[in-house]
Amino acid sequence: MERKELDIRTVNRNSLKDINNVKIDPNLTKQERIKSYVEQIGNPYCYLDGDIIVGISYADTDITLEDRLKAYVSGLG
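The sequence shown begins at -15 in my numbering and counts up by one.
Computed Cβ-Cβ distance ranges for the label pairs, DEER-style:
no., residue 1, residue 2, range
1, Asn(-2), Asp46, 34 to 44 Å
2, Pro28, Thr48, 16 to 26 Å
3, Asn(-2), Val22, 11 to 21 Å
4, Glu16, Ala55, 29 to 39 Å
In short, the hints are calculated from the structure, not lab data.
No experiment lies behind these values; they were computed from the predicted model shown.
Don't be surprised by glycine CBs; every beta carbon is placed ideally from N, CA and C.
Work the whole structure out from these sequences, hints included.
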């Protein structure tokens, strides 16, 4: 199973990292910050935020986040 396919209802919470423990050095380059984040969080699609299990997923679409936010702000979303 791919990391992004984990089900938050069945995942072992003990296997997850808490995002509150992630520390990013702002002096690193963008690529280095991304690498550091992924190394610290383990699975960027499923992690803890305190006591809450967070699951992230993305729709397979050509619409960008910016496009979607503009639609919501304009009342069309």
